Amino acid sequence: MIDLRYLIFFILILFGCSSKISENLLLGAWWATQEDSTYFEIYINEREFVFNHEAYGPIEYKYRVYDDSIKIFTNSNGRSKNWEIVQISDSSLILKSEHEEFILNKIILSEGYFDLRIDSIAFENFQENFIERYLRKRE
Numbered sequence: 021m022i023d024l025r026y027l028i029f030f031i032l033i034l035f036g037c038s039s040k041i042s043e044n045l046l047l048g049a050w051w052a053t054q055e056d057s058t059y060f061e062i063y064i065n066e067r068e069f070v071f072n073h074e075a076y077g078p079i080e081y082k083y084r085v086y087d088d089s090i091k092i093f094t095n096s097n098g099r100s101k102n103w104e105i106v107q108i109s110d111s112s113l114i115l116k117s118e119h120e121e122f123i124l125n126k127i128i129l130s131e132g133y134f135d136l137r138i139d140s141i142a143f144e145n146f147q148e149n150f151i152e153r154y155l156r157k158r159e
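For the sequence shown, our numbering assigns the number 21 to the initial residue and increments by one for each residue that follows.
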């Protein structure tokens, strides 16, 4: 299991973005696996991103895009992590920090995280579907 600093690190990696590239490409849902084969998803809208991990559940953060990077605010004290966007397309996103690089893949969801989080039953179904995707990737 990863510790909190790795969780924050992965979240930050997932949001490297260049202002030269359409920020709309960043929006949506992304998935990846970590070195230990742990599956996670990232959901991004215009104001926030969410890191969803099978061991932690969804964790919401604010972010901003600056030039060729994205800054993810990890707490209310203004602490943040920067990620460089190496490549982005409508199907993949590569993010890099000093120590790591992540290759994320776009995932098409029938219902998005941001639409469902206010309805507890719909959100529970969303999380069950997340676990199903996670289990399929482990096979």
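A hint or two may mislead.
[As the list claims (entries may be wrong)] Below are the EDC-like pairs computed for lysine to aspartate or glutamate, each with C-alpha atoms no more than 16 Å apart in a straight line:
| hint | residue 1 | residue 2 |
| --- | --- | --- |
| 1 | 116 | 55 |
| 2 | 101 | 80 |
| 3 | 91 | 118 |
| 4 | 157 | 135 |
| 5 | 116 | 88 |
| 6 | 126 | 144 |
| 7 | 91 | 110 |
| 8 | 116 | 74 |
| 9 | 157 | 87 |
| 10 | 91 | 43 |
| 11 | 101 | 121 |
| 12 | 157 | 104 |
| 13 | 126 | 110 |
| 14 | 82 | 56 |
| 15 | 91 | 74 |
| 16 | 116 | 104 |
| 17 | 126 | 43 |
| 18 | 116 | 144 |
| 19 | 82 | 68 |
| 20 | 157 | 55 |
| 21 | 157 | 144 |
| 22 | 116 | 131 |
| 23 | 101 | 74 |
| 24 | 101 | 56 |
Quick caveat, the hints were computed from the structure, so don't treat them as lab data.
In this text, all values refer to a predicted model and were calculated from it rather than measured experimentally.
Determine which of the earlier numbered hints do not hold for this structure and return their numbers in increasing order. 4, 6, 7, 8, 9, 12, 14, 15, 18, 21, 22, 23 and 24
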